[in-house]
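Asks: Residue numbers (the working numbering), protein chains in the order written: chain G, 735 to 1613; chain D, 735 to 1613.
Derived by calculation from the structure, the hints in this document are not laboratory data. Glycine residues also receive a C-beta, built at the ideal position from the N, C-alpha and C atoms. Be a bit skeptical, because a hint or two may be false.
Derived, one-sided and incomplete: chain G residues facing chain D with beta-carbon distance under 7 Å [what the hints assert, rightly or not]:
hint, residue
1, 1000
2, 1243
3, 1245
4, 1246
5, 1305
6, 1365
7, 1368
8, 1371
9, 1441
10, 1479
11, 1509
12, 1515
13, 1523
14, 1524
15, 1540
16, 1543
In case you want the letters, here they are:
Protein chains: 2
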Amino acid sequence: MPHLYHFEDADGSDRDLLGGKGAGLATMTALGLPVPPGFIITTEVCRTAMTTGALPDDLWEEIAGAVTRLEAKTGRTFGAGPDPLLLSVRSGSKFSMPGMMDTVLNLGINDEVVEDLVAWSGDPHFAWDVYRRFVQMYGDVVLGIEEHRFQGVLTELRARRGIKDDSQLSAEDLKRATTVFKTIVEEHRPGRLPTEPMDQLRGAVKAVFDSWGNKRAIEYRRLNAIPETLGTAANVQMMVFGDLGEDSGTGVCFTRDPATGARRYYGDYLPRAQGEDVVAGIRNALNLDDLATLHPDSHRQLLEHMSRLEGHYRDMLDIEFTIENGVLYILQTRVGKRTAEAAVRMAVAMAGEGLIDRPEAVRRIDPVSLEQLHRPRLPREVGRKPLVTGVAASPGAAVGMVVFDADEAVTRAKAGDAVILVRPQTTPDDIHGMAAAVGILTSQGGKTSHAAVVARGMGKPAVTGAARLQVDTGVGVAHAQAREVRYGDLLTIDGTTGAVYVGAIDLEEPETLPELADLLSWADDIRHLGVMANADTPADAAEARARGAEGIGLARTEHMFMGERLRVVQRVILATSKGARTAALAELERLQVGDFEGLLEAMDGLPVVVRLLDPPLHEFLPSRLELEQEALRRVRAGKPIDDLRAMSDQVARWEEDNPMLGLRGVRLGLIVGDLYRMQARAAVTALRRRLQAGGNPMLEIMIPLVATAEELRRMRAVIEEEVAAAEKTTGLDLQVPIGTMIELPRAALTAAEIALSADFFSFGTNDLTQMTYGLSRDDAEVHFLRDYLDQGILTNDPFQTLDPEGVGRLIRVACEEGRMANPGLTLGLCGEHGGDPASIAFVRGVGLDYVSCSPPRVEGARLAAAQAELNTGETVDSR
Amino acid sequence: MPHLYHFEDADGSDRDLLGGKGAGLATMTALGLPVPPGFIITTEVCRTAMTTGALPDDLWEEIAGAVTRLEAKTGRTFGAGPDPLLLSVRSGSKFSMPGMMDTVLNLGINDEVVEDLVAWSGDPHFAWDVYRRFVQMYGDVVLGIEEHRFQGVLTELRARRGIKDDSQLSAEDLKRATTVFKTIVEEHRPGRLPTEPMDQLRGAVKAVFDSWGNKRAIEYRRLNAIPETLGTAANVQMMVFGDLGEDSGTGVCFTRDPATGARRYYGDYLPRAQGEDVVAGIRNALNLDDLATLHPDSHRQLLEHMSRLEGHYRDMLDIEFTIENGVLYILQTRVGKRTAEAAVRMAVAMAGEGLIDRPEAVRRIDPVSLEQLHRPRLPREVGRKPLVTGVAASPGAAVGMVVFDADEAVTRAKAGDAVILVRPQTTPDDIHGMAAAVGILTSQGGKTSHAAVVARGMGKPAVTGAARLQVDTGVGVAHAQAREVRYGDLLTIDGTTGAVYVGAIDLEEPETLPELADLLSWADDIRHLGVMANADTPADAAEARARGAEGIGLARTEHMFMGERLRVVQRVILATSKGARTAALAELERLQVGDFEGLLEAMDGLPVVVRLLDPPLHEFLPSRLELEQEALRRVRAGKPIDDLRAMSDQVARWEEDNPMLGLRGVRLGLIVGDLYRMQARAAVTALRRRLQAGGNPMLEIMIPLVATAEELRRMRAVIEEEVAAAEKTTGLDLQVPIGTMIELPRAALTAAEIALSADFFSFGTNDLTQMTYGLSRDDAEVHFLRDYLDQGILTNDPFQTLDPEGVGRLIRVACEEGRMANPGLTLGLCGEHGGDPASIAFVRGVGLDYVSCSPPRVEGARLAAAQAELNTGETVDSR
């Protein structure tokens, strides 16, 4: 296989081999766009270098041949007059990694060629500026000399001349700067600045390939889940000069508005500049209307090219262009990044225009991004620069006072302050502080860090991994760019972009997006997988319903036992007489009837799956450790502790070494008399009342933590007794499907027998993952999960994305064998994975009927389910 | 199918249908032995009654026909003179349940028939005694009138006459007793004593079938794992009378000595008595030599029958016989119960005699019983009656002072006393007390109770479920039979028989049994499954080797970290500087080298599998709760607690909510730098030293708690580095197989990939059971496992006997797929299940190479492995 391809010979659809930039250049060349000629050294070369530790020996010969062909094509000569050919070398991998890898421009210049360039251009200022740029960039990128050493020279020159912009420097100044730059390079890397153009090219190519392995690129790939093994291509291209004179310039444009999705061309143009000047934002750029005035022909051509490219790629594109002496060149194109709102608008609009079909519109949108559409946001124009930018970990924006401690966050929030919790990183010990905060900012960790995961789960904006922020929680101060942020200071964070601003910025409520309803209705037409919601209150149920949930797949009754209910629950647990216990149980039953009525009413006409109590009873009591700590406080204060002693004895009866593996779920139902019966009776009473009130309630009852069919058989019998009793007294026909969670490996392995007593299975993949891996999520997150991910021992957090080999295999077995034993069995999944697109794709492949997720994730799940349907046949591991 | 079979028509091999007693009667009839004629109402009738709630309608007609046939055969008439036929109805299920179900004798008597019987026998004393016995037994068994009401009458009569034995009562006294008995019955159950013989028979048959479901029978079946569904047969048989006169009598005999296994006939004979009198032990019985003097013909015939039966059954038999007027009848036979010692001796002897072959000898012995051969025992003749008899829960005898509290047991044991821990039941909180005691006695729980299981695990004698003992731990006293046992009193318990004696009885050391070595060598010839031992010390290793272990399958390094080592381990964990940590680790390494050298030397020439550290590090620290409790004590004593605070902060860093699912096993190896590397280096150093000392050490290293192949790959690389380093410095070729525990469901499910980095798998079925069921053994034992077993939600304790459907399925998958991926993979099991015969049979079926169990269970495992081989094709669930 050749190591390189000329743009005109390359297959623009092969992004794996050519990288994104190379593929774009090849495609544009094939479309007849004015692309400066060049060639692509493939990603395969980079992969070879990673494996063998060196670039292939015959690469240089091939490059030399390719340069000769370029010279022939352009009629210019590399590194020689009268028409000198200068080259750029730019990185470009399959997935865009903006700014992470290296680029070297203006290759092929030296003390002789600069004079040729003066002659060729008739512009010594231009020629020496090109030489200056080359020395500076080669010194920085290839030789690793710190950028500020060069900047210092320019800063001093500008100061001496009293000017603000390098372009105002004279040719003589630039010549002097070039000489000084060469001295700096010679000082730091003696003899390492090549004067021979081919040596310069070799150095640049090597540097570009090496940059795949630099630290920030590795970190970026880790945070964005880009495989290490892909490698980058290196694109070698003839230089065209936006800085050649008044008739030259350079710009960036989008075929539609990347912020709103509006169908209008959009772009920046900087006269007399090279591309890096646009990115650096040194001067204020002009817009496309200005360009139309300055260069009407180029402007017209540019619009034609944009239209051509959008027609070809059928997507919004981001394009870089240069005008050299009035001639337009297109230097790069790629599918443009956009906000979630813009993505939805564009996809629906393009489907309306016939550019794409509806399934493609559905496919275009990242399901996870939909959550941000419902969160307060920053205005389109913020009008200030971010202090730092971290990882966009949980979308939405938040404004609040800085607090460095979780306890303090709770205190300030109680006092009515909006709080941004700022930490190097968070742990489960910080959960209460995170819950109290309006936003979370950390200096460490990426999209899968604890802070990111928990914030997304809570629906709170978060920026993580803001590495340039130094957080000292001890002193209570954070530094960035020589600026201090102290306790109580106001910050604004944007979890959608990762930007962090000093001070308060007024947020905007999101507009409702009519296109979203269209898109989701298309998704609903495509998908077969049902989407339900996990909801424990009527308010949650209503929100879920508004987002399109087709019922409640998981109503956790233990959440109804918290708050002021806790005292009643404790009376049940601690009752010393049968009478006291019965009375407390009766009170709890009365409360539960109300809970269930509320849920059934909010979801009238749709199923509501009530899960009976799951956690161990001691979760409703203080721990012995807490009681001992309180006892110590009291003894020191000279107060009696007898009541604590009594409580401690009670707690000791219930406490467990490993509560996750203890007396919980159906075990409680079987061992602690009447608890499950009470809950079942309360649910059936609620059902009856809703029926009698003329509603259409659809109650289902679910039993957690079943390990053996016998457990389910017995518990089912108890529930059926309560249903039958209610039917007898009311004469109503109460249809109550009874099912079980499949959340223990044994339940999955014996699903055939369990299915005989179940109307439905709901996979509790959080517990199933815990048991299958033998790890407690909470403990693992504190002690080693982060390290496992950082070190690559795990490639995914199995609590975020379902593990297909282990947990998934159990699900597959349970589905197949459960359905075989009971063809009428309904199959669902409830848990965090229910909102994760990869997990949704997996369970769709396995043949589940529905997923159930938290209300904010329902829309995303609808979309992901449709995408999974569209991708049928492509994905889903099967063993 | 007929409801009943006459003895001569029945197939004596069909114990399922006929029950054990009926099958024996049929067999003896077919062999021509003098069996009184009769018929067997099948177990199928009992099962029908259990299902439908009633005996079949046509049963009574069939019985009437069978009685008519009996009358024809015997020439007697049921319930009429001149030759009255009296009948017995006796229960008899497939498995012997001695004394648990009902028997009614002397049916067919009433006010008229008794006169016929007087005429027939010429002995009014006999006739009225028969009548008296009938009323008493029918009243007790069929009508449920308390036995003591009848006994009271006899006691009073004996007192009035000044005699000690009912047989000395006059005919007139017996007639009067009969009248009083009838009055008692009429008072309590008016009109319920039938005078019509067929009504009596019906009542007795119903009572016998009903007795399958009585409370003590259910409890017995539960304790002995006999299925509820089997049902009993009812044997209806002509009465012959051992109490007819001086030429009559009744007895029990064994074909060999059931206590020692010696080849000699052995039995008791009681002249002028019915069978129940022998069992009740009212009078001192004669022996078989006496019988030879009294009835030489009957004695000769009896020996012939015994020989005939042993030849037929090819086993030692327990026979009941009656002599009626000088004529010998055989009433029952069954394979006789025996001690473990007798079982081994007899099996080996019978193989020597050619009665059975060696495989049959191997098959005969209960593998679990072998443990008791090595324990101190009671002398053959104890010379006193037990205070109570409970469940023989853990074999061997023990003598010690009574202690009612686990802490006190520890204190007394430290003071040098031998202690018997007496509790209503034990929980894991009592473990330290159990470890300190020489024996355990509980009033509740059977063979699978916590006390039984733990005691067997510890190799300590235990009697459980001594229900007649009322234990009041609060007061510190136990009552039985109006006798008090107090703290400090001496008791002797016999875990082999369940007997509990007041006072000290001198125990005997077990003799070595040469037959055992023969038997085990035959087993070794048969089995393919290897048997290794779990051993952590050279002493354990030596014991295991003496018992025939073929290596150490599990050396738990954490056990080497206890005792005085604990301080060094704590220094490693709590080190605040790198230097301090390195120094502590180095000290630990030095100690570990010694540990491993000792093991390798004790097992020279056999494999030693060293498992790297498994438990979480906080197990080596005090808990925060303990520290708080200590702090409270100190504050009250006015002492400072700063050091406790510091320790508590340290502990808080490590403590986990669910340590079983936390930072342990390979996770420690990967996260806590250098710990596993240190252990591997220490093991390799020990290997090197043993090699240099001229030994033949065979080290293997095992990594616990692997969930993903990547964990194993990385850890294996670390160990291989240490091996390679040692090879480099010494020039030796160190062969160190590296393998993994398979103890997490995910490891089993991804065994194919894991196998690529493993030389062996060892199934850790304790953890695997915990994770598969999602239950912690310790917590479950305290909170619900007992209830689950009592209520029949679980039929077996899955920690005793491997669960084939869930855990077993994972093992099967891992074996098949692991071997497919790596055909050289060795497969073993280490854990409690390694000593359990049913589990051994399962894993043999799956194709494991070896099991590893505690040293006292090695011999049993060798035997069980052979039995599993012999039973190939019969058993092993396969799905």
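Asks: Have a go at the residue 1243 (chain G) hint: is there a Cβ in chain D nearer than 7 Å to its own Cβ?
Replies: Where the cut-off is 7 Å and the nearest Cβ of chain D is about 40 Å from residue 1243 (chain G), the hint is violated.
Asks: Regarding the hint that residue 1523 (chain G) lies at the interface with chain D, is the smallest CB-CB distance below 7 Å?
Replies: The hint is violated - residue 1523 (chain G) has no Cβ within 7 Å of chain D, the shortest such distance being about 12 Å.
Asks: Holds or violated: residue 1524 (chain G) as interface residue toward chain D, Cβ cutoff 7 Å?
Replies: 11 Å, violated
Asks: Report holds or violated for the interface hint on residue 1368 (chain G), using the least CB-CB distance to chain D and a cut-off of 7 Å.
Replies: Check failed: Cβ of residue 1368 (chain G) comes no nearer than 10 Å to chain D, outside 7 Å.
Asks: Holds or violated: is there a CB of chain D closer than 7 Å to the CB of residue 1479 (chain G)?
Replies: 4 Å, holds
Asks: For the hint on residue 1000 (chain G), does the least C-beta distance to chain D fall short of 7 Å?
Replies: 46 Å, violated
Asks: Against chain D, run the beta carbon of residue 1246 (chain G) and see if the smallest gap drops under 7 Å.
Replies: Cβ of residue 1246 (chain G) sits 43 Å from chain D, so the hint is violated.
Asks: Return the status of the interface hint for residue 1509 (chain G): holds when the least beta-carbon distance to chain D is below 7 Å, violated otherwise.
Replies: 5 Å, holds
Asks: Under 7 Å is the threshold here; is the Cβ of residue 1515 (chain G) close enough to any Cβ of chain D for the hint to stand?
Replies: 11 Å, violated
Asks: Using 7 Å as the Cβ threshold, decide whether residue 1305 (chain G) counts as touching chain D.
Replies: 21 Å, violated
Asks: Using Cβ atoms only, decide whether residue 1365 (chain G) comes closer than 7 Å to chain D, and label the hint accordingly.
Replies: It holds, given that the least Cβ distance between residue 1365 (chain G) and chain D is near 6 Å, below 7 Å.
Asks: Against chain D, run the beta carbon of residue 1543 (chain G) and see if the smallest gap drops under 7 Å.
Replies: 5 Å, holds
In terms of the numbered hints stated before, the structure departs from hints 1, 2, 3, 4, 5, 7, 8, 12, 13 and 14, listed from lowest to highest.
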